[in-house]
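A.B. asks: Single-letter residue listing:
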Amino acid sequence: MEQLFQSAVDEVSRLLGLEEKELAILGDADAAASELVVSEFEKYVERKYNPEVPVVLKKHNLMGVPIKEEYGGRGARQLVQALFLERMGQTGMGVITFADVHQCLGSLTIQDWGTEEQKQRYLPRAAKGDAVLAYALTEPEAGSDPGSLKATYTKEGNGFRLSGSKYLISNGSVATNLVTFAYPKEGGKGPTAFIVDTKDKGYSVDMRLEEKIGLFTSDTSLLTYDGAFVSKDDMLGPEGKGFSVAYSALLNGRIGIGSGCVGVMADCLNQVKERATSRTQHGKQIGKHQLIQKHIAFIESSLEACRWLVYRAAIKKDEFEKDTKNIPLRNEADRLSAVAKYMASRCAFESADHAVQCFGGFGYSIMSPVAKHFLDTRVARIYEGTDEIMELKIASSVLGKDFEAYK
Amino acid sequence: MQLHLDGSDTIGAPRERVYALLTDPSFLARSLPDAEDVKVLDASSLEAKLKLRVAIVSSSIKMKMTVNKDEPPVKASLLAEGAGSGSNLKISSVFTLAGDEKTSMSWSADAEITGVMAGLGSSLLKGFATKKVAEIFGDITKAVENSEKGTTIK
Numbered sequence: 002m003e004q005l006f007q008s009a010v011d012e013v014s015r016l017l018g019l020e021e022k023e024l025a026i027l028g029d030a031d032a033a034a035s036e037l038v039v040s041e042f043e044k045y046v047e048r049k050y051n052p053e054v055p056v057v058l059k060k061h062n063l064m065g066v067p068i069k070e071e072y073g074g075r076g077a078r079q080l081v082q083a084l085f086l087e088r089m090g091q092t093g094m095g096v097i098t099f100a101d102v103h104q105c106l107g108s109l110t111i112q113d114w115g116t117e118e119q120k121q122r123y124l125p126r127a128a129k130g131d132a133v134l135a136y137a138l139t140e141p142e143a144g145s146d147p148g149s150l151k152a153t154y155t156k157e158g159n160g161f162r163l164s165g166s167k168y169l170i171s172n173g174s175v176a177t178n179l180v181t182f183a184y185p186k187e188g189g190k191g192p193t194a195f196i197v198d199t200k201d202k203g204y205s206v207d208m209r210l211e212e213k214i215g216l217f218t219s220d221t222s223l224l225t226y227d228g229a230f231v232s233k234d235d236m237l238g239p240e241g242k243g244f245s246v247a248y249s250a251l252l253n254g255r256i257g258i259g260s261g262c263v264g265v266m267a268d269c270l271n272q273v274k275e276r277a278t279s280r281t282q283h284g285k286q287i288g289k290h291q292l293i294q295k296h297i298a299f300i301e302s303s304l305e306a307c308r309w310l311v312y313r314a315a316i317k318k319d320e321f322e323k324d325t326k327n328i329p330l331r332n333e334a335d336r337l338s339a340v341a342k343y344m345a346s347r348c349a350f351e352s353a354d355h356a357v358q359c360f361g362g363f364g365y366s367i368m369s370p371v372a373k374h375f376l377d378t379r380v381a382r383i384y385e386g387t388d389e390i391m392e393l394k395i396a397s398s399v400l401g402k403d404f405e406a407y408k
Numbered sequence: 026m027q028l029h030l031d032g033s034d035t036i037g038a039p040r041e042r043v044y045a046l047l048t049d050p051s052f053l054a055r056s057l058p059d060a061e062d063v064k065v066l067d068a069s070s071l072e073a074k075l076k077l078r079v080a081i082v083s084s085s086i087k088m089k090m091t092v093n094k095d096e097p098p099v100k101a102s103l104l105a106e107g108a109g110s111g112s113n114l115k116i117s118s119v120f121t122l123a124g125d126e127k128t129s130m131s132w133s134a135d136a137e138i139t140g141v142m143a144g145l146g147s148s149l150l151k152g153f154a155t156k157k158v159a160e161i162f163g164d165i166t167k168a169v170e171n172s173e174k175g176t177t178i179k
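One line per chain: the protein sequences are A and B, in this order.
Numbering-wise (this note's numbering), the first sequence opens with residue 2 and increments by one.
Numbering-wise (this note's numbering), the second sequence opens with residue 26 and increments by one.
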């Protein structure tokens, strides 16, 4: 097992306990991450989506890590899911984006909100890797403010017709199904969540967004619903309760992104350690120059601090899963997931910046092992809740409900 | 940067024959994949330009390889050293053969890499090297087996 990951697993096991089947998941994660190193690098340099990611995750039975065993998954609690994504994060945020969206935003949302029939229909396929899920909330005119969504639905026969566009959707062009959101065309209610089949003729991928500043190995698309049909059996959660569905998904997703960012910091530390001990300048290893040590100290401290923030958020979410009527506990899990995502994404970006600096001129090339982290972690400070939205959530959790933004 | 790789393989030819071919620079010259300007220098050495492709970037390294018959027909070593495209590469490898009609080969290699290539990092280089070594041994194994069957090599 990769050394930094092994030490994290050992520490969590010693302090909190990990069962054999949980250790098996983490062993599989280690094998899959090692297997993805070469294809992630090759596709990154080519600036292409990496189709090997779902193949390798499927091979190691990792597509359904957090899905309950009764639905064909491996039943991992959030803490184990966080460790799994931490290891995958060492390969880069491209892998994390695929896994987080498929599992945390897609599968877990169906598991939390779906009817028994929906769970039976979607989760075994998602766990096996026969279905890939995406989460389509953002629109060209609705980012941090999902209240301004323009997508609408109308009732027709035994289902609904969806119209509108969804923008910057990860896994958008590779997904078999999307969890999406739309307002009723006639107004009067909040948005509703739906599960869309991407084979429907009213669904199209308008554009694959490949002009990003990073995250090349992750698929990002602009989607259009032009009368896409959704059966009434594919309405997710109660009608008009789309925001509750969306926010619960983001709670899971933020822990996932935070976990991936911890993995990025671990990889930055590994790469910088290797560079600092193997490269010689001014007659000695660059690690013996104290200003290089300053960079290393930042990355190491960030990794230690953020790792435990993420674990704490995951543990709180696990507590909530055992007591789902406990709203204060849910709010605490929500607050901690925001803190974890906010800190881990910022520290990962800064750690990548320090790592690039240690690599000197070569660090500026995407052939270096750290440049991709610098480019990719920038989006972790934007997607699934910008820095600013996280700050508003965190501050209002301190000040109280009267201080919530946009009241 | 130091890198260690090891592995094993089975070749469908007798050990004596495998040993003779693996320690023959002319045979290696014909069997190495992606090699250009191959020149056999003497009974134990050759030089060649090896093309290494990493994603869309390809580089070429001029290598000198020397084979030592340490313990015929059981053990031999290969030292390869070269430079090119801003990188320096030194590989010391040992292979050990066992068996009679079919040969089991176990091998280990230690590489020392400096320059541009070293900057890619050991985890990535190990992944690439594992793929490349498997390709090289695959080609060599095929060539040995073909030569045993009397098929023309390349």
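Hint data in this document are derived by calculation from the structure and do not stem from the laboratory.
Note that the structure is a prediction, hence the values are computed from the model and not measured.
The C-beta atom is built at its ideal place from N, Cα and C for all residues, glycine as well.
Incorrect hints may appear among the rest.
Using 20 Å as the maximum straight-line C-alpha spacing, the simulated PhoX-like pairs for lysine-lysine come out as follows [said to hold, decoys possible]:
{"hint": "1", "chain 1": "B", "residue 1": "Lys-157", "chain 2": "A", "residue 2": "Lys-274"}
{"hint": "2", "chain 1": "B", "residue 1": "Lys-156", "chain 2": "A", "residue 2": "Lys-60"}
{"hint": "3", "chain 1": "B", "residue 1": "Lys-94", "chain 2": "B", "residue 2": "Lys-74"}
{"hint": "4", "chain 1": "A", "residue 1": "Lys-156", "chain 2": "A", "residue 2": "Lys-120"}
{"hint": "5", "chain 1": "B", "residue 1": "Lys-157", "chain 2": "B", "residue 2": "Lys-74"}
{"hint": "6", "chain 1": "A", "residue 1": "Lys-190", "chain 2": "A", "residue 2": "Lys-242"}
Derived DEER-like restraints, expressed as beta-carbon distance ranges [to be verified]:
{"hint": "7", "chain 1": "A", "residue 1": "Glu-47", "chain 2": "B", "residue 2": "Ser-33", "range": "28 to 38 Å"}
{"hint": "8", "chain 1": "B", "residue 1": "Ile-81", "chain 2": "A", "residue 2": "Thr-325", "range": "41 to 51 Å"}
{"hint": "9", "chain 1": "A", "residue 1": "Asp-131", "chain 2": "B", "residue 2": "Lys-127", "range": "36 to 46 Å"}
{"hint": "10", "chain 1": "A", "residue 1": "Leu-292", "chain 2": "B", "residue 2": "Lys-64", "range": "41 to 51 Å"}
{"hint": "11", "chain 1": "B", "residue 1": "Lys-115", "chain 2": "A", "residue 2": "Asp-388", "range": "24 to 34 Å"}
A.B. asks: Hint by hint, note whether the structure agrees.
C.D. replies: Outcome of the hint check:
Pair hint B/Lys-157 plus A/Lys-274 does not hold up; C-alpha atoms about 26 Å apart against a cutoff of 20 Å. For the hint pairing B/Lys-156 with A/Lys-60, the CA-to-CA distance comes to about 19 Å; that is within 20 Å, so the pair holds. The straight-line distance between the Cα atoms of B/Lys-94 and B/Lys-74 is roughly 24 Å, outside the 20 Å bound, and the hint therefore fails. Between A/Lys-156 and A/Lys-120 the CA atoms are separated by roughly 23 Å; this puts the pair beyond 20 Å, and the hint is violated.
Straight-line distance between C-alpha atoms of B/Lys-157 and B/Lys-74 comes to about 15 Å, which keeps the hinted pair within the 20 Å bound. Restraint check for A/Lys-190 and A/Lys-242: satisfied, since their Cα atoms lie roughly 9 Å apart, inside the 20 Å limit. Distance hint check for A/Glu-47 and B/Ser-33: the Cβ-Cβ separation is about 33 Å, which falls inside the suggested range of 28 to 38 Å. A hinted range of 41 to 51 Å holds for the C-beta pair B/Ile-81 and A/Thr-325, which are about 49 Å apart.
A beta carbon spacing of about 41 Å between A/Asp-131 and B/Lys-127 agrees with the range 36 to 46 Å that was offered as a hint. A beta carbon spacing of about 47 Å between A/Leu-292 and B/Lys-64 agrees with the range 41 to 51 Å that was offered as a hint. Distance hint check: the CB atoms of B/Lys-115 and A/Asp-388 are about 47 Å apart, inconsistent with the given range 24 to 34 Å.
Checked against the numbered hints listed earlier, the structure breaks hints 1, 3, 4, 11; every other hint is satisfied.
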